[in-house]
Structure formats: C-alpha cells, structure tokens
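Participant: Sequence:
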Amino acid sequence: MLQIFLEIWLPHFPLETHQRLNEVSVITEEHILVVRQLVKHMHALSGKTKLDQSDILPSAHSETYLSEDVKRVVTSEYVLRLYLLLLHCFKQWPMETSFRAVLETWLSYIQPWRYQKHLSLSLRASFIQENILMYTRLFSFFLKRFAHVDLVNVDNATMVFRMTKVFAQTSLPELIENGEKLLLHQGPLLPSTLMASQVQPTEIAALPKTHINNKKLQMFGVEMRAEVLKLVQRLMQAQQTAKTTLDPPANVSVGQFLCSWKRLILKTNSESGGNDMTKSDMKTVELLKKTVDHLNQVFNLNTGHLSQMMMNMGSVEESKQLPDCIHSENGLILTDLGRMQIINGLRRFDIEYQGDPQLQPVRSYENAVLVQLMFWIATLINNKLEGHMNDLCSQQNLLGRLGQHYLITSTVKGRFPRSTVTQQSQDDYHLRPRLTLRTFASYRTLLILLLLYSLGSLFSISPLFSTCLILMLSFLYGLCMTVYVGK
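Under our numbering, the letters of the sequence shown match residues 35 to 521, in that order.
Careful, some of the hints might be misleading.
The list that follows gives simulated cross-link-like pairs (lysine to aspartate or glutamate, EDC-like), each with its CA atoms no further than 16 Å apart [what the hints assert, rightly or not]: (1) 199 - 315; (2) 264 - 184; (3) 264 - 327; (4) 199 - 111; (5) 277 - 315; (6) 178 - 63; (7) 324 - 208; (8) 313 - 138; (9) 277 - 208; (10) 323 - 189; (11) 74 - 130; (12) 317 - 138.
No lab work stands behind these hints: they were computed from the structure.
On a predicted model such as this, the values are computed, not experimentally measured, just so you know.
Full structure from sequences and hints, please.
Facilitator: Encoded structure:
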C-alpha cells in the first residue's frame, strides 16, 4: 500500500539542479498537503510499531523479521523520495506564501516526537543522526531562500518564526551538533533511513556527492554562522521598517494624509477596517523579535555584536539617514539594500527643489489641470502689473512688507549638485516679485473653501458675501503676520 502511495504522490525527482524541470511532475500546494498527511501517519505508525514490539509472540518472530525487512526497504525509499521532494521544492518553489505548506511538511518530518508518545532522548538522537541531511542541508537552503524575500510581510515573518521556533526546542541544537560530530568521525555520511544500514547500495550511489559531503553539513560552522548573521541583520532591518510603519512621522504631507483617508474609505468593505494593517505590523514586529531571540538561542550568537547592530540602527532616525550607497567617481550609486530601503519608505534622499517655485512638478496633492490654469492666469496678471509689483515690494514700510508677504520674492540657485558629469556653478539670481495662484490647485485649499462655503450656506450667507468675507479674513491674517511675525 505504501509503495503504491509513493509511486503516485512521491515521484522521482532530479538529483542535480542542472536537470530540466519538465522532466518531473509539477508540484502543487495540495500535493504537498497530501504528502504531509503521509508524514504524520508514518511517524504515528513508527511509534506504534515500537510500542507493540514487546507484545510479539515467539512463534511469530520469523514472519515479523520478514515484514520488518520489507518495511525497512519501503521506508528507506520513502525517506529518500521525501528528501528529494523537499529539496526540489526548496530550490524551485515560487517566492510565494504558499511555500508555507512545504515548510510545515519539512517541520513535521523532523519532529517525530510530536506524533509519537514517550519518545526517549536516545531515540531522538538516533533519528536525528540518521536524518541529518533533513536538518542541516535543508536548513541551509532555507537560509538561501529567505535571503530574497520581504521579511516585513507577516506571512514570510511567520514562516521564519516557525522554523526558528522548532530548531530552538530544548536540546535539539545539541543533538544536531552531536550528530554532526559523530558522523564526521565515522567517515562518509550515508543517506538515512536516508542513512540506515538497510538502504541499498544503489540508493547511496544515486545521491550526488554534494549530498554526502560532510563539510556541507556543518550547521554550526563558520560559513553557516555567517549566513545566519546576515539573516539576523535582515530581520532587524525588517523589524525597524515595521516599527516605522507603526510610528509615522509627525510631518506627514497633505498628499499622504489624503491618500490615507482614501485607503480608509475604500477599505470599508473589509471586516476589520483600518486596524488590519496596524495589527499586522504589530504582529510582524513581535514575530521578528522572537525570531532573532530563537536564532541567538540556537547558534549562541555574539550578544555584543547583536547589540552593536541594534545600536547602529537605532542611533539615528531611519528617515534622516541616506539610503545605502557606494561612493564612486561619478557620485553615489545605490546598492540593492538601498533600493529596498527607498521602496519600503525607510530612507530617502533629501532633495531640495532649487528652481522657480511656479515651475515645480505637479505634486500628488495637486490637480494638474488646475495647476496649469492657475499658472496661466497668474502669468497674465504678472505681465500686466510687473512694474507695480516691483515698486510695491521695494518700499520699506508696512505696505511693502505686506506686498512681500503675498507676492513671491525667491532666489534661484545656480548650482546643480545632482549632476554626475559636471559640477558647474553659477551666480544666484533673484526672481522678480510676482503673484502665484498655485495654492488654489491644492486639494487641501479646495477642501477648505468647500467647507467654508458650506458653512456659509448653513447660515444663509450668499456665495458672493462669503467670498468677500474670506478675502477680508485672508487680508487680516496677512496683516497680522506682517506686523507681529515680520518684526
């Protein structure tokens, strides 16, 4: 029965990565879930067999030995196929959250004590020694895979947490390390029940050399620790990113404010409303923190080094730091880490517009059509009243300061620091005083005007009188700013 199941659900997979994928069956998430059920039943059956061995009658010993031999052969093939299936999935599975099924299947196999009662420590050590490839080699492929995923995603953070929680179980790291040392002293590593003596020589020869190279199995070696430290660093960066999402900066722009309201309105059909994202980020931060603690527990990482990394990340606010860059002859060049920081909104360049304020690019909180319309109207007014504006702003009295408050009198820089080819420097030149109406293209201004006119209609105030009232209040506000603030 087991042999039939193996032929259907655990087909032969390529042992080497250079073999074409179309030579094997396409594996789906449902397929992996069925295999996981097989793993659970095999563990439960193995535990039941060990408990029932004491009840075997002496007259049935010969038949029992025969069935045990058959079971060893079938079981060894089952473990070998399962190992190759998991190895294939770790290498070829898409970077999606559906990988959770593969992960849980792997974790189910390396924890037989979850399905077997009263499994002694010696039996655990024996199982780990026989299946050391399941622990060490797949762990290394897990690290390689999760070096390219977004750890801020709560599903990915959950998968890393699940893996580290399993490996951080009491005495499990010691058993894996002892199993490695024992196998290193015994010579070439044999595939277990991948490795047990009952595996056929042809099966051992079928494994590639990279699968039985003892140097690749040093889970607590220098190379593996270096990979773990890289993962810990990425976990801390993801934790900092999630915290930044939870604690938005105080100086949020109007565009971001309107976008947040838009997202909130569009999210009314969800069950949890606007709190879903906050709860997800809080869970992500907690999972990432526990994951770092688990890795520190498993590998006994240098706490001083971890503290230094945390201090480096927390010493300066992330929003005020430049993205990760490399200095070159042509200026700063973004690294892959820097691109991720910009995409996630963790860091950004402080770019200051140094040209004509009226010619700035259209902002996210502005209407492009209104920007062009207001610029056209302001240009007509400025061309006709240019001389009067210059005379007004040149006066050294209250009227002159009031004109400077309402009109633009800016200075345009002549240097272009963002140019990587030339660093030309020009004399700064002053723009003439002129009127700007661009503020009326802002959604915030339009919303305020709409609220004011609506408030006026509630008190039966005509739109014309409301306009005069708004202009008068604006003049009084400018007068107060000129008299008191301008001193």
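Participant: Now, for every hint given, state plainly whether the structure supports it.
Facilitator: Quick rundown of the hints versus the structure:
1. Of the pairs offered as hints, the one joining residue 199 and residue 315 is violated, with about 20 Å between alpha carbons and a cut-off of 16 Å exceeded.
2. For a cut-off of 16 Å, the pair hint linking residue 264 to residue 184 stands: about 14 Å separates their Cα positions.
3. Of the supplied pair hints, the one linking residue 264 and residue 327 holds, its CA atoms being roughly 15 Å apart against a limit of 16 Å.
4. A threshold of 16 Å between alpha carbons decides the hint, and for residue 199 with residue 111 the separation of about 29 Å lies outside it, so the pair is violated.
5. Our distance criterion of 16 Å between C-alpha atoms is met by residue 277 and residue 315, whose separation comes to about 8 Å.
6. Straight-line distance between C-alpha atoms of residue 178 and residue 63 comes to about 21 Å, which puts the hinted pair past the 16 Å bound.
7. For the proposed pair residue 324 and residue 208, the alpha carbon gap of about 20 Å is over 16 Å, so the pair is violated.
8. The straight-line distance between the Cα atoms of residue 313 and residue 138 is roughly 24 Å, outside the 16 Å bound, and the hint therefore fails.
9. A hinted pair counts as satisfied when its Cα atoms are at most 16 Å apart, and residue 277 with residue 208 does not qualify at roughly 34 Å.
10. Under the criterion of a C-alpha separation no larger than 16 Å, the hint pairing residue 323 with residue 189 is consistent with the structure, at around 15 Å.
11. Between residue 74 and residue 130 the CA atoms are separated by roughly 24 Å; this puts the pair beyond 16 Å, and the hint is violated.
12. A threshold of 16 Å between alpha carbons decides the hint, and for residue 317 with residue 138 the separation of about 20 Å lies outside it, so the pair is violated.
Hint check: violations occur at hints 1, 4, 6, 7, 8, 9, 11, 12; the rest are consistent with the structure.
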